[in-house]
Amino acid sequence: MRPVLLNSCARAATAAEARFRIDAPIVPSRGARVFALDGPAEEIVRRIAARPWATARFFGHAGDGRVRPLVGVSTVDISAELDGADVAVLVATSPDGARAAAAVGEHCRARGTMTAGLVVDGGAGALDAVAMLRPYARVLLLTGDEDDIAAVLTALRA
Amino acid sequence: MLTSELNELLTRTGPDTAMGQLFRRYWLPALLAEELPEPDSPPVRVKLLSERLIAFRDSHGRYGLMDEFCAHRGASLWFGRVAEGGLRCAYHGWKYDVTGQCVEVPSEPDNSSFCSNVKLRSYPLVRVGDILWAYLGEPENQPPLPEFEFVHVPAEQTFTSKRWQESNWLQALEGGIDSSHVSWLHSGQLKTDPLFKGAKGNQYNLSDFKPFFEVAESPGGLFVGARRNAEDGHYYWRITPWVMPSFTVVPPRGDHPVHGHFWVPIDDENCWVYTFDYHPVRALTAQERQAMMDGFGVHSENIPGTYRPVQNKDNDYLMDRATQRSGENFSGVRGIAIQDASLQESMGPIVDRSKERLVPADSGIIKARQKLRRAAVALRDHGTPPPGTEPEHQRVRSAAVVLPRHESFIESCRDAVSVRPGVRQSSV
Ligand code: FES
Ligand SMILES: [Fe+2]
Numbered sequence: 669m670r671p672v673l674l675n676s677c678a679r680a681a682t683a684a685e686a687r688f689r690i691d692a693p694i695v696p697s698r699g700a701r702v703f704a705l706d707g708p709a710e711e712i713v714r715r716i717a718a719r720p721w722a723t724a725r726f727f728g729h730a731g732d733g734r735v736r737p738l739v740g741v742s743t744v745d746i747s748a749e750l751d752g753a754d755v756a757v758l759v760a761t762s763p764d765g766a767r768a769a770a771a772v773g774e775h776c777r778a779r780g781t782m783t784a785g786l787v788v789d790g791g792a793g794a795l796d797a798v799a800m801l802r803p804y805a806r807v808l809l810l811t812g813d814e815d816d817i818a819a820v821l822t823a824l825r826a
Numbered sequence: 097m098l099t100s101e102l103n104e105l106l107t108r109t110g111p112d113t114a115m116g117q118l119f120r121r122y123w124l125p126a127l128l129a130e131e132l133p134e135p136d137s138p139p140v141r142v143k144l145l146s147e148r149l150i151a152f153r154d155s156h157g158r159y160g161l162m163d164e165f166c167a168h169r170g171a172s173l174w175f176g177r178v179a180e181g182g183l184r185c186a187y188h189g190w191k192y193d194v195t196g197q198c199v200e201v202p203s204e205p206d207n208s209s210f211c212s213n214v215k216l217r218s219y220p221l222v223r224v225g226d227i228l229w230a231y232l233g234e235p236e237n238q239p240p241l242p243e244f245e246f247v248h249v250p251a252e253q254t255f256t257s258k259r260w261q262e263s264n265w266l267q268a269l270e271g272g273i274d275s276s277h278v279s280w281l282h283s284g285q286l287k288t289d290p291l292f293k294g295a296k297g298n299q300y301n302l303s304d305f306k307p308f309f310e311v312a313e314s315p316g317g318l319f320v321g322a323r324r325n326a327e328d329g330h331y332y333w334r335i336t337p338w339v340m341p342s343f344t345v346v347p348p349r350g351d352h353p354v355h356g357h358f359w360v361p362i363d364d365e366n367c368w369v370y371t372f373d374y375h376p377v378r379a380l381t382a383q384e385r386q387a388m389m390d391g392f393g394v395h396s397e398n399i400p401g402t403y404r405p406v407q408n409k410d411n412d413y414l415m416d417r418a419t420q421r422s423g424e425n426f427s428g429v430r431g432i433a434i435q436d437a438s439l440q441e442s443m444g445p446i447v448d449r450s451k452e453r454l455v456p457a458d459s460g461i462i463k464a465r466q467k468l469r470r471a472a473v474a475l476r477d478h479g480t481p482p483p484g485t486e487p488e489h490q491r492v493r494s495a496a497v498v499l500p501r502h503e504s505f506i507e508s509c510r511d512a513v514s515v516r517p518g519v520r521q522s523s524v
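Sequence order for the protein chains is L and P. Numbers 669 to 826, taken from this note's numbering, label the letters of the first sequence in order. Numbers 97 to 524, taken from this note's numbering, label the letters of the second sequence in order.
I should point out that these hints are in silico values taken from the structure, not numbers from a laboratory. All values reported here derive from a predicted model rather than from experimental measurement. Note that beta-carbon positions come from the ideal geometry of N, C-alpha and C, so glycine has one too. Incorrect hints may appear among the rest.
Below are the EDC-like pairs computed for lysine to aspartate or glutamate, each with C-alpha atoms no more than 20 Å apart in a straight line [claimed, not checked]:
| # | chain 1 | residue 1 | chain 2 | residue 2 |
| --- | --- | --- | --- | --- |
| 1 | P | K306 | L | E774 |
| 2 | P | K143 | P | D112 |
| 3 | P | K287 | P | E384 |
| 4 | P | K293 | P | E236 |
| 5 | P | K296 | P | E313 |
| 6 | P | K306 | L | D754 |
| 7 | P | K191 | P | E236 |
| 8 | P | K143 | P | E365 |
| 9 | P | K296 | P | D351 |
| 10 | P | K191 | P | D112 |
| 11 | P | K296 | L | E774 |
| 12 | P | K293 | P | D304 |
| 13 | P | K451 | L | E774 |
| 14 | P | K451 | L | D691 |
| 15 | P | K215 | P | D154 |
Some chain L residues well away from chain P (every beta-carbon gap over 10 Å; in silico) [said to hold, decoys possible]:
| # | residue |
| --- | --- |
| 16 | E710 |
| 17 | R715 |
| 18 | V744 |
| 19 | R779 |
| 20 | A823 |
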């Protein structure tokens with residue numbers, strides 16, 4: 669069989685043809701909500717939140733399973749914060765944030781919000797943190813490199 | 097997405113690039129052993145990491161890999177004659193040994209020492225298993241020889257093929273890390289392919305289309321676990337190892353041989369896909385070997401005498417809309433290897449990752465890029481040797497297991513994902 673059409677692969681998949689890919693601006697993600705579930709995780713998330721992001725919003729934990737903004741003390745309504753979000757990113761270094769993980773995780777399940785868990789391997793608690801997040805996070809990344817969180821958010825156009 | 101700068105960094109592997117330097121720290125498949133079958137076999141052109149090379153085997157059976165072009169006036173040594181312990185250029189008869197050393201310049205007087213001052217750049221080429229491996233880096237950094245299990249089991253337990261893919265190496269590798277496409281693109285083959293069908297695990301694959309993923313680092317790369325629902329209180333886990341820079345193993349299915357790939361840059365717009373199948377404890381059956389040669393499983397049917405697939409981009413991969421409609425082939429393209437190749441080549445020679453919209457399910461790919469970037473930059477800026485060169489980094493297996501829900505694949509599968517000589521693969 670010989671390609672007879674201008675749009676057949678042999679022509680289309682060349683560097684020269686790649687120039688003609690439509691170059692419309694790509695909309696950012698509708699929003700990532702990043703939840704730090706424990707103290708060390710919150711320090712990491714603070715550093716990442718300081719970079720420029722399109723629509724991502726970042727949260728810390730109140731210690732009692734509730735969630736608050738990184739600045740300020742008042743807790744937030746998790747469900748309302750998930751409005752219009754594409755993904756909830758749960759950041760943990762230990763299983764200490766189990767209650768907050770459950771709270772966010774249940775809201776995400778109820779709303780059909782995608783969940784990603786990032787466990788930064790600071791030591792002994794990491795595998796327990798993975799176990800804690802497993803029921804809630806559709807994707808779990810155990811990493812020694814906190815920069816992976818920024819890499820994931822960048823990849824998702826957050 | 098990836099910025100254009102990072103995309104450039106990760107996809108370019110020529111001699112003066114950061115990724116090129118990274119690749120030059122590893123032994124890489126350069127040829128199948130069958131391409132230089134015996135002493136004085138005809139020389140073979142090899143392009144690797146954007147370098148044009150010639151490979152040959154001298155009268156003593158020694159392998160040589162060196163600059164393709166004659167030091168005299170630059171003729172290709174592919175036209176040369178292999179005889180009497182060397183490769184002689186067809187143009188004016190300069191002769192080289194397997195180290196690239198010129199050993200004879202016929203126009204010079206007898207007793208002339210002119211040739212001792214002429215040497216072509218050459219690289220070590222070593223047979224391990226069915227593959228001839230090359231090392232293109234500096235001699236002082238040469239790592240131990242490859243330890244991957246598929247090249248160390250007895251010959252009757254292993255089979256390797258290769259095919260030319262007309263795309264950058266990274267988009268090919270990414271297909272090997274991303275197991276989420278299997279339930280879609282390759283769904284037809286789970287039921288029909290002789291090297292796939294019949295495994296109990298296939299049912300889990302076909303009944304749960306929304307796997308959860310866990311990505312964990314290994315000393316040489318990553319383990320990517322995909323979990324699907326199994327019987328009450330259990331998950332079916334498929335664990336894919338990636339060893340840097342470009343070795344992946346597909347999780348097994350039943351007692352079928354285990355397959356995987358080595359994705360090797362030819363230049364920035366082409367790569368070789370070395371495709372292997374092996375069984376850790378038994379010989380491949382005659383039927384299995386025949387199926388592999390016929391292009392089933394992850395192998396390809398190539399144009400005789402070449403390593404270009406019969407289905408290629410010049411014939412639209414023999415796309416058949418009728419089998420697409422019937423579901424026999426999800427995309428209408430026949431065969432797992434070419435299903436992958438067709439889509440990866442369709443992205444263009446080097447896909448523009450600044451235009452991607454990745455989702456969390458792509459985390460394995462995101463993390464792999466991150467590791468490649470880190471390793472390339474650490475090597476470039478600090479000379480840090482990259483992961484994946486040590487024998488223990490390479491002694492990994494894929495696995496397909498059913499675990500109680502509360503168990504972590506990382507902990508429960510430590511043995512399953514390690515090479516254990518004489519022990520069967522962990523597979524359902
Ligand atoms: S070009 Fe090779 S011998 Fe002259
Ligand atoms: Fe595939």
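Earlier hints that do not hold, by number: Hint check: 4, 5, 7, 10, 11, 13 and 20 fail, others pass.
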